[in-house]
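A.B. asks: Chain by chain, the residues:
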Amino acid sequence: EAEVAQSPRYKITEKSQAVAFWCDPISGHATLYWYRQILGQGPELLVQFQDESVVDDSQLPKDRFSAERLKGVDSTLKIQPAELGDSAMYLCASRPRVAFEAYNEQFFGPGTRLTVL
Amino acid sequence: GDSVTQMEGPVTLSEEAFLTINCTYTATGYPSLFWYVQYPGEGLQLLLKATKADDKGSNKGFEATYRKETTSFHLEKGSVQVSDSAVYFCALNAIQGAQKLVFGQGTRLTINP
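Listed in order, the protein sequences are those of chains A and B. Quick note: the first sequence uses this note's numbering, first residue 1, plus one each step. Quick note: the second sequence uses this note's numbering, first residue 1, plus one each step.
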């Protein structure tokens, strides 16, 4: 069964360091999402890609976060510099392209748990 | 803006008890509604969904009915098992605009044998 892959699963870093997370969506899925899930809360969207284009990055802290999906397949989310408040689970999800897109479920990867010391 | 409010947890039940987790939403128009489940250390898995009013989503003994008049999508199961222990998230996906999920805060469920 096809799955969304993410790496690393766990990352511990010190504040002011740079970190990067990688996501490989299910093959053929045009839409890719990055969510941040703070402990005890629901996921919140950081950025949404349609193929290689950013559709929504309104909640992405652009002074320190960046995301790219250069060939419209896998994606990288970077934080530089990391801050203590960035400690969270970072989830990647993908969704296929269909005619009536709101009915589609999103398929989530296992996430990357980031701890900033 | 769109929002989802879930019953606060944690919820602790005995095995074979009846489960209800309340979920209400605020949205423009008629969104699609979802329940996702997150087991410890894992990502989110879709549990069930409903795409229009009065639809009932069901899976693994869980059910939820899309109630437009009360803007609710409560999750129910008649007899819970220890393996149902997890965090449950209610979410909506608006029909219009960016196709993104808006989640509730999650409800942690623990089932004791």
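Since the hints were made in silico from the structure, they are not lab data. In this text the structure is predicted, and so the values were computed from the model without any measurement. One or more of the hints may lead you astray.
[What the hints assert, rightly or not] Now the stretches of chain A that chain B is said to cover, found in silico as 3 or more residues with beta-carbon under 8 Å:
1) 22 to 30
2) 40 to 50
[Stated by the list, open to error] Sample of chain B residues at the chain A side, in silico, Cβ under 8 Å:
3) Y39
4) L46
5) K49
6) G104
Think of the CB as a built atom: it goes at the ideal place given N, C-alpha and C, for glycine as much as any other residue.
A.B. asks: Checking against the hints above, which ones are violated?
C.D. replies: Hints 1, 3 not satisfied by this model.
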